[in-house]
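Visitor: Taking the hints as your guide, dock the two standalone chains into a single complex.
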Amino acid sequence: MIRAVAIVLLTAAAASAQGLEGFEVFDRPGDAGGTVIAAWKGVPGGDAGVEYVVSVAPAAGGEWAEVARFASTLHRKVEAPAVFGYAESNERENYCPVDGLLPAKGAPGLAKGHSLETRVRVEAFRGGVRVALSEGSASARPNWWAPQKANVLVFALLFGAGTFWLIARARRNPDVFVRRIPGLDAMEEAIGRATEMGRPIVYLNGLNGMDSISTIASVSILGQVSRRVASYDSQVLVPCYDPVVLSVSQEVLREGYTAAGRPDKFREHDAWFITQEQFSYVAAVDGLMLRERPAACFYMGYYYAESLLLAETGGSTGAIQIAGTDSVTQLPFFIATCDYTLIGEELYAASAYLSREPLQLGSLRSQDFGKIVIVAVLVLGGLVAMTGAVWFKHLFTVAS
Amino acid sequence: MLHLKRTVPLAIAFFFVVALILQYFVPHPLSEKFLGMTQKWAIIVVYVSLLLGVGSLFQSHLRKIRVQTPGWGYSLVTLSVFGLTVLAGFHSRGNSPGGPLQWTYEFAYSPMSATMFSLLGFFIASAAFRAFRARSVEATLLLATAVVIMLAQVPLGAAIPGVGSLSAWILGVPLTAAKRALMFGVALGSIATALRIIFGIERSYLGGTE
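One line per chain: the protein sequences are A and B, in this order.
Residue numbers for the first sequence follow my numbering, beginning at 867 and rising by one.
Residue numbers for the second sequence follow my numbering, beginning at 6 and rising by one.
The shape of chain B in the complex, shown without the other chains (with noise of 0.2 Å):
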């Protein structure tokens, strides 16, 4: 059974990791056929793995109503608008303009969807209150930072000679030193864990490390 769960799994990943490493590096046409068969399997497996997701989504929320645990209420809404969405699919044979599926998505989740989208920007302004109080040398930096790329963004500040340039001089050069530094370490660690992965010391997504 371990053998099954671990030692399979292992193998079946070192292979595809690495014949997928090798296609990379040959441009035959059988090679790019690998792709794309791996590419479709990937697909495959996705979908079929949603199936799993909806099983666990029904599991989850009918527990809640059967047991009726604080806010049950919102279960029983998320169910019924499941089926009403899937009941509403099959009326328009997957979507057919102007049926139910289109309406419901134009005018319920659409609107919902932006709203939750617009919330951002008051979080952004609280989150902003919060990060730009100058408390430290690090914080009255950043508050300075910002006050400057910000001042650059508006016509008028951008209007105070030295502010456009300034602004530049920090969006082109210790942000992009910043960002460039993070994107190799970034690089290096998916490397790193990519190899331990292949090799298979890196094994907690199996569901452990035993």
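In isolation and in its complexed conformation, chain A is listed as follows (with noise of 0.2 Å):
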């Protein structure tokens, strides 16, 4: 029995004095600073039942501190591949990030995102009894650029090239086809009804501010709209949810006026700021649309809840309704209310269509091979996939 005991112990103590495999301790790559990261293979023997304990002390010497104590089958590397990548064998390995050791109070500062030389030990027991050491050092640095996001800038800058050679060749043979949009198309008739009635046309922005792609699309939009109601003598009224918006309304409805020649039609006062309270602002807006009896109503830009709310008292009045919005919740409501529909995308061509801008057109087309490009990535994604292969996937993910 004494023998039996004095060889577990002599085990133990042997198993002590050997290192966690695959150890390092490095500044964690890619962050804002402050985090030092602990990883290692896995210990001697394998590591079923084993227990970590994580402690750091100050390189230049110190008492250790216990960070961190995890089973074996937590913390795992395939939990951050924005440091270990998608290897398959980062499903059995671990990691731990501590925080940087920072100098005591009074001590000269570091600048933020750097730490002191931090010593990280990382013991492994099992059953109680220590199995595996190891510590190394790092000091935690703040880095200038974030690896994980390079497919990110890749397509951004593949994407973007591609637009400024579509719009490149777009300046030099102007003639490109777009397909027609009726909704579009509808305004025309919509602005000439208006015309003939002697009623105004109701404009909103949506309840986005100018931060929105989709509000400044908008806008232009209402550029396109106003040269257009100027040249007819008509009048369009634009209640505004945002003061911001509010401001570019009223610029885009003078420029319109002027580009128009008529200037002296040009009323301040028909864009105006109603309140930033969502049924607040529906209140007002359906209150105008039952006393104007509008011929033509137009949403354009972000909306939420309100979207019905406008519409269906619009569409009571008798007016044409023309929408067009990004928002995928509140499209079906558009489309059930209002007699045409720009979906998505069509909002932002809108700009493009209406004015036939060589410039704007190019970068239209560049949506659509966008569209190729992402169909046939799609496609080559599933064949990939059906091999059981997933390096494909990865590409297009931010590693976290």
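Treat the hints with care, since some could be wrong.
Said to hold, decoys possible - 16 Å max Cα-Cα, derived EDC-like pairs, lysine to aspartate or glutamate:
{"id": "1", "chain 1": "A", "residue 1": "K907", "chain 2": "A", "residue 2": "D965"}
{"id": "2", "chain 1": "B", "residue 1": "K69", "chain 2": "A", "residue 2": "E1134"}
{"id": "3", "chain 1": "A", "residue 1": "K978", "chain 2": "A", "residue 2": "D965"}
{"id": "4", "chain 1": "A", "residue 1": "K907", "chain 2": "A", "residue 2": "E989"}
{"id": "5", "chain 1": "A", "residue 1": "K1131", "chain 2": "A", "residue 2": "E1117"}
{"id": "6", "chain 1": "A", "residue 1": "K978", "chain 2": "B", "residue 2": "E111"}
{"id": "7", "chain 1": "B", "residue 1": "K10", "chain 2": "A", "residue 2": "E1117"}
{"id": "8", "chain 1": "B", "residue 1": "K45", "chain 2": "A", "residue 2": "D1077"}
Said to hold, decoys possible - Covered stretches of chain A (chain B as the covering partner; in silico rule of three or more C-beta atoms under 8 Å from a C-beta of chain B):
{"id": "9", "stretch": "1190-1203"}
{"id": "10", "stretch": "1220-1233"}
Please keep in mind that the hints were generated in silico from the structure rather than gathered at the bench.
Glycine is no exception: its CB is placed at the ideal position from the N, C-alpha and C atoms.
Guide: The structure is reproduced here in structure tokens:
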């Protein structure tokens, strides 16, 4: 009995001298600093039933402080593909991120993201007996480049380069084919109808601010609409939800009237601010529609729950209604209630479609080429996935 | 003047858009600081612009009251309520519990807002009535799909064999495919529009294309 206990103790003592396989400590790459990582491949003899204890201490000397304790089934490298990639072995190997140590109070400080040289110790215990121990040190540093986002940069550059190439082509050959978009063709008709009936047009820019692409697209369309309204001597009313959009809308209207040679007809108060409260805005616009009985209502931009409240009220006044939005959840409501609806990207295409400017038409073509590429990637990805390979999927993933 | 109105805003837009795109790829604390700073600037710009909005509101409604356009009484109500809410806000020093501002919010604003929102239920019914009439093959398909989806949402319909699985298939396969296709188009359109703005091809947001 005594001999058996002695053998166990000796074995444990021998094992405690062993190091973890492939142990390393390094600064976390592609981050804002502050973190070092301890990583290892496993424990000699396998990691079944093993518990790891991670401690840190200043490299200059000091006491160890325990910062993490976890079973070997946790903290697998597969959870951090931004650091370790997508190797199959990551499902079996472990890592532990730890905060780099900072100078003590009163000591000279470090720049943000930097840390002291930090010693990291990882101990492996099986059944309460230490079976392996490794130490290493590193200091945290902030990085100027996030390599895990390289695929995003590559695709953005490719798409950007493609867009500029197509714009240059459109500049040389302005005769670019654009398929008919009935909703945009109907705008002309709606403005003409408003002129004949002597009633105004209500134009809404949606509920998002100028930082939204759909609002910018909406304002672009307003520019084209205002030119036609000015040349027909009709009136367009633009109640605004956002004060910045109001300011831009007024400028766009002024420019439209000027471009049409009717600056005297421009009325600044045709675009005005209502409120930034969703349903108060709806109440005000609905009231405006019921009082003014517009001949046409244009709903361009991004909408939320108010879409149906607006479109149904507009429909009850007998107005021609044309909507354009990239809000997927509100599209069905507009399709159900409006005469024409610009779906998603048609809203962005509207400015190019109405202005027929070669530069804008070129960028329109790049969207079509982008779609062709996406379809090709989807087909290729499907075929690769059928072979069981996952590398293709990772090309399009931003690792965390 | 034109230089100030067009070139300078375009240069500012170009600089900040490119800088913020680069910021996405740079994790350094200085880059995060820059992002935080621009976000604060954006908040300041938005709140200052709110003053513009209030100015516009007053200008618009005062004109209606002065000229006595049809419905000018509504303008009077709007401006009076605006003034009363501002007074209540000052009296409550922001939003002290139980003060007049909170009372206005709880017993005036909230019920009126809820009333507007509840109208949605009736409008959905009337919109559905118009959308789901079987006038064409597409409309009939829409009607049939809607009936299946709606049936699957109620216990009686879900008890019919096959309705639940058919509804799940419609939502999971054709609907998801259509939504994703739409999202691809929207994403590409957003990037193309953003590029047009960055390089000054799209200038309508500055008030024209000249």
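Visitor: Between the alpha carbons of K10(B) and E1117(A), is the straight-line distance 16 Å or under?
Guide: Holds - the C-alpha atoms of E1117(A) and K10(B) are around 11 Å apart, at most 16 Å.
Visitor: K907(A) and E989(A) were given as a pair; does the straight-line alpha-carbon distance stay at or below 16 Å?
Guide: 13 Å, holds
Visitor: Confirm or reject the coverage of the stretch 1220-1233 of chain A by chain B under the rule of 3 or more residues with a beta carbon closer than 8 Å to the chain's beta carbons.
Guide: It holds, with 8 qualifying residues against the three required.
Visitor: With a cut-off of 16 Å on the C-alpha distance, tell me whether K1131(A) and E1117(A) pass.
Guide: Holds: K1131(A) and E1117(A) sit about 14 Å apart, inside 16 Å.
Visitor: Keeping to a limit of 16 Å between CA atoms, is the pair of K45(B) and D1077(A) held or broken?
Guide: Judged against 16 Å, a Cα distance of about 14 Å means the pair holds.
Visitor: For the pair we were handed, K907(A) and D965(A), check the Cα-Cα distance against 16 Å.
Guide: 21 Å, violated
Visitor: Just to be careful, I want the Cα atoms of K978(A) and D965(A) compared with a cutoff of 16 Å; is the pair within it?
Guide: 13 Å, holds
Visitor: Taking only the CA atoms, is the gap from K69(B) to E1134(A) under or equal to 16 Å?
Guide: 14 Å, holds
Visitor: Cut-off 8 Å, C-beta pairs, minimum 3 residues; does the coverage of the stretch 1190-1203 of chain A by chain B stand?
Guide: holds (count 7)
Visitor: Can you confirm whether the C-alpha distance between K978(A) and E111(B) stays at or below 16 Å?
Guide: 46 Å, violated
Hint check: violations occur at hints 1, 6; the rest are consistent with the structure.
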